[in-house]
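Colleague: Here's the letter readout for the chains.
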Amino acid sequence: MARDSQAALVALNRFGFGARGGASGDLINAASDPRGFVKAELVRASGVLLEAPGLQSTQQLGQAVFAYQDQVRQAREAAKAAAPAETPSPAPTEQKPGLRRNLSLNAAATEVAGQMTETKPADNAAKPAPQPLNVIQKTFRTEALARLQRATLATCGFTERLVAFWSNHFCISATKGELARIWAGVFEREAIRPHVLGRFADMLKAVEQHPAMLFFLDNQQSLGPDSRAGQNRKRGLNENLAREIMELHTLGVGGGYTQEDVTSLARIITGWTFAGRQGQLGTPGSFVFNTNAHQPGAQMLLGKSYEATGLAQGEAALADIARHPSTANFIATKFVRHFVADDPPPGLVARLRELFVKTDGDLKALAAGLVDSDEAWTAPLTKMRSPYDFLVASGRLLARVPEDPGAYLNNLNLLGQPLWSPAGPNGFPDTSAAWAAPEGMKLRLDIAAQMGARLGPNIDPLDLLEFAAADAASIETRRTIERAESRQQALALLLMSPEMQRR
Amino acid sequence: MVDCVENRLLTSRRGLLLGGASFAAWAYLPKFARAADGRDPRLLVVILRGALDGLSTVAPIGDPDYAGLHGSIALAADGAHPAIMLDSFFALHPAMPEFARMYRDKHAAVIHAVATPYRDRSHFDGQDVLESGYAGPGRVQSGWLNRALEALPRGERVSSALAVGPTTPLVLRGSAPTVGWAPVALPQADDDTAMRLVDLYRHRDPALAMALSQGLQLDKVASGDDMKPKPGNAMVQMRQVARGAAKLMAADDGPRIAALAFDGWDTHANEGGPVGRLAFLLGGLDGALAEFQSGLGERWRDTVVIVATEFGRTARINGTDGTDHGTGTIALLAGGAVKGGRVISDWPGLKLANLYEARDLKPTTDLRSVIKGVLQGQFGLSDRVLAETVFPDSAGVRPMKGLVV
Chain A
199 MARDSQAALV ALNRFGFGAR GGASGDLINA ASDPRGFVKA ELVRASGVLL EAPGLQSTQQ
259 LGQAVFAYQD QVRQAREAAK AAAPAETPSP APTEQKPGLR RNLSLNAAAT EVAGQMTETK
319 PADNAAKPAP QPLNVIQKTF RTEALARLQR ATLATCGFTE RLVAFWSNHF CISATKGELA
379 RIWAGVFERE AIRPHVLGRF ADMLKAVEQH PAMLFFLDNQ QSLGPDSRAG QNRKRGLNEN
439 LAREIMELHT LGVGGGYTQE DVTSLARIIT GWTFAGRQGQ LGTPGSFVFN TNAHQPGAQM
499 LLGKSYEATG LAQGEAALAD IARHPSTANF IATKFVRHFV ADDPPPGLVA RLRELFVKTD
559 GDLKALAAGL VDSDEAWTAP LTKMRSPYDF LVASGRLLAR VPEDPGAYLN NLNLLGQPLW
619 SPAGPNGFPD TSAAWAAPEG MKLRLDIAAQ MGARLGPNID PLDLLEFAAA DAASIETRRT
679 IERAESRQQA LALLLMSPEM QRR
Chain B
8 MVDCVENRLL TSRRGLLLGG ASFAAWAYLP KFARAADGRD PRLLVVILRG ALDGLSTVAP
68 IGDPDYAGLH GSIALAADGA HPAIMLDSFF ALHPAMPEFA RMYRDKHAAV IHAVATPYRD
128 RSHFDGQDVL ESGYAGPGRV QSGWLNRALE ALPRGERVSS ALAVGPTTPL VLRGSAPTVG
188 WAPVALPQAD DDTAMRLVDL YRHRDPALAM ALSQGLQLDK VASGDDMKPK PGNAMVQMRQ
248 VARGAAKLMA ADDGPRIAAL AFDGWDTHAN EGGPVGRLAF LLGGLDGALA EFQSGLGERW
308 RDTVVIVATE FGRTARINGT DGTDHGTGTI ALLAGGAVKG GRVISDWPGL KLANLYEARD
368 LKPTTDLRSV IKGVLQGQFG LSDRVLAETV FPDSAGVRPM KGLVV
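Sequence order for the protein chains is A and B. Read in order, the letters of the first sequence correspond to residues 199 to 701 in this note's numbering. Read in order, the letters of the second sequence correspond to residues 8 to 412 in this note's numbering.
Treat the hints as calculated values from the structure; they're not laboratory data. Even glycine gets a Cβ: it sits at the ideal position worked out from N, Cα and C. One should not assume that every hint holds.
Simulated coverage check for chain B against chain A, where a stretch passes if three residues somewhere in it have a Cβ under 8 angstroms from a Cβ of chain A [as the list claims (entries may be wrong)]:
(1) 55–69
(2) 211–218
(3) 319–330
Chain B side only, calculated, beta carbon under 7 angstroms to chain A, not exhaustive [as the list claims (entries may be wrong)]:
(4) F131
(5) Q195
(6) T200
(7) R203
(8) L204
(9) L207
(10) Q221
(11) G222
(12) L223
(13) D270
(14) A276
(15) N277
(16) D390
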């Protein structure tokens with residue numbers, strides 16, 4: 199039985215988001231057929247798609263941003279046009295509190311609140327009433343909530359982990375600007391999710407043609423020097439997207455491309471942009487190929503000539519890059535590093551690389567190949583859960599389906615993994631060292647202690663340990679939880695235990 | 008999680024208090040005022056989680072076996088940090104001068120060799136028994152204080168009770184209405200929790216042990232010497248919580264009954280004697296009692312504070328200068344309504360033969376009789392209600408007489 203629980207732990211933690219608390223019986227189900235438990239989610243490709251009330255398309259959201267920006271501009275101009283008359287602010291009608299002791303509870307509560315906030319200047323509640331959220335913030339939260347709820351409720355969470363993997367591989371950052379922020383969620387829903395169990399080449403094309411990526415890596419500004427637009431204006435080529443496609447999305451550093459290839463690919467994808475607010479090129483906020491900006495002529499890329507076929511020139515180039523041997527190697531290595539070990543077992547990488555080549559980048563086959571491997575089940579659970587994984591796993595174990603993403607978003611910021619906002623186009627790091635840093639561990643403990651204080655009184659910590667790890671839990675972890683001085687403390691310790699932190 | 012940022016919760020709890028809507032309901036808050044003498048009694052229950060070492064808090068210095076059993080952490084009436092003599096036999100920990108002052112003013116009392124009916128050694132079960140008021144650990148989701156509240160005459164004489172802290176302690180959970188309040192400061196994990204986790208990591212995951220230790224050290228350096236009152240440390244937090252609770256209870260229309268919990272009393276190692284870890288915590292508790300007194304102002308006169316813990320600790324210290332889970336311990340009463348200046352105890356003695364299971368101070372007083380005595384003295388609850396509703400099946404445990412003025 200111990201062996202089965204160990205395999206169940208691998209199924210749930212290495213491949214998924216951990217066991218759910220409540221009466222789900224995830225660990226028991228996973229123990230009876232660990233591989234089948236993980237792969238069950240691969241069967242229903244439609245299960246990867248995310249639809250929820252309030253989620254809108256890229257075009258709708260693009261137009262919402264444009265409308266919002268217009269509104270802000272008009273408001274600003276109207277304010278400027280109105281005479282800058284000094285409107286004297288009314289003198290605050292301050293009442294002197296506390297002249298009489300025991301005045302009323304209301305006064306006491308106000309006073310107590312004031313007293314407490316003095317010691318904590320960062321307290322949000324002390325600030326004036328918060329501004330209502332604008333459409334960008336609202337959208338971001340709606341998208342975040344939909345993703346969090348899906349992850350919390352998933353049976354195993356393997357496909358959601360795959361979504362997060364590919365979303366981080368092809369990352370954009372919501373910090374780039376208003377368009378990136380409002381598109382961060384829909385980018386994942388439209389460009390990543392439909393292809394997570396499909397073909398790599400299709401995902402690559404969807405990603406590189408998505409307005410969010412074109413905006414994030416500046417391709418909408420890139421003009422072919424010899425294109426009509428390039429000759430009319432002084433602007434020219436921007437290599438940003440082309441470089442990251444080869445360095446980060448496909449071939450990898452050292453994958454056999456040169457600076458000349460970067461420039462060439464940049465020329466090939468000139469004109470890949472999205473329609474702006476005026477909609478001259480198409481529906482505002484939709485992907486368009488702007489012939490006027492596209493560099494004319496054939497281009498040499500990675501030793502092959504691509505004829506001047508407009509949009510098709512770039513699509514053909516991407517299709518070839520997607521099946522380049524370096525891409526197979528780069529993807530297989532990163533995939534195994536993410537799911538199995540910081541130092542990926544070379545044999546497994548080699549087999550997945552061959553699988554990738556043989557199936558022409560079938561990502562479902564790649565995922566299944568990983569689950570079928572022995573290495574994935576025998577490698578020790580030494581990977582550190584990322585902050586996102588840790589928070590989701592905790593929410594699942596505590597059987598708390600989020601109704602508001604605020605707490606998650608705050609904690610992700612605190613722990614250094616702000617949602618959809620990595621520092622650079624290489625995404626968040628994927629090695630244990632990055633997430634087991636001293637300050638990060640201290641903050642994780644503080645967050646776990648908060649959860650313990652809030653939810654601990656209502657749970658039996660030993661029941662929860664059964665849900666989380668059963669007899670795969672170490673003796674030391676079990677004893678530490680048994681001996682905690684309160685349920686609150688026991689819960690904090692459980693959430694911080696190696697069984698919950700490592701995967 | 009999911010609501011894992013405590014700030015939001017606390018803010019919303021405070022919002023509840025400050026929001027106005029709740030005040031409409033509170034405006035006609037009744038008083039338990041006793042017609043006879045015009046008193047407006049208040050009761051505050053403080054739970055010390057982790058099992059307080061009663062023999063280190065109120066030391067039986069007159070018992071010839073105490074010093075030997077408690078060894079390096081035993082208190083003494085002399086030396087650099089002398090214990091404060093309460094009578095010729097018992098001495099109070101030197102970290103509690105405020106309680107000593109209350110005791111001298113006859114506004115504080117100690118009940119020694121006390122325990123709930125629980126006789127095993129699990130914190131979780133011990134706390135269940137202490138707070139639920141049932142004789143054994145179970146899954147009862149209501150506490151004796153809530154049921155006492157519910158048993159008070161309805162209508163104008165019923166009021167909401169105040170739960171202080173991020174959650175309502177079990178003792179106050181139940182069908183009678185409660186309101187919550189907590190300071191908004193972002194809570195940090197306490198040292199005890201951190202220590203336990205580092206210990207677990209040392210055995211199971213050395214890399215995490217090193218990372219967490221370094222993180223904690225950075226934090227320590229940033230916040231300074233941990234044993235002094237500093238913003239955010241446990242000592243200051245206890246005072247802060249007490250100050251807020253007292254302010255709310257002091258209001259004319261404020262809650263008359265409140266409960267809160269302080270953590271960190273599970274001193275298995277390096278417990279310390281007159282100075283050290285336990286001393287630090289006792290200093291925090293002492294400060295909290297002082298805050299209750301000053302914050303309640305005029306109302307202190309009508310107040311009883313009960314300080315109780317789930318069980319005691321072993322009479323003999325263990326191999327790491329701490330104590331393990333035991334049985335008999337103390338309860339403290341403080342407040343102007345306490346008939347104080349006394350250590351109430353049927354002292355069992357600390358000879359090996361007199362110890363419970365040859366390990367622990369033998370309990371000679373049932374904690375329920377103390378609590379019953381206070382509830383009866385403050386609110387006039389009948390023997391029958393106390394025996395059937397508040398502490399079910401406890402008819403044999405008589406309310407202790409004469410605890411309240």
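Colleague: Determine for every hint whether it applies to the structure shown.
Modeller: Comparing the hints with the structure gives:
no., hint, verdict
1, 55–69, "holds (count 3)"
2, 211–218, "holds (count 5)"
3, 319–330, "violated (count 0)"
4, F131, "holds (6 angstroms)"
5, Q195, "holds (5 angstroms)"
6, T200, "holds (5 angstroms)"
7, R203, "holds (6 angstroms)"
8, L204, "holds (5 angstroms)"
9, L207, "holds (5 angstroms)"
10, Q221, "holds (4 angstroms)"
11, G222, "holds (3 angstroms)"
12, L223, "holds (6 angstroms)"
13, D270, "holds (6 angstroms)"
14, A276, "violated (12 angstroms)"
15, N277, "violated (15 angstroms)"
16, D390, "violated (31 angstroms)"
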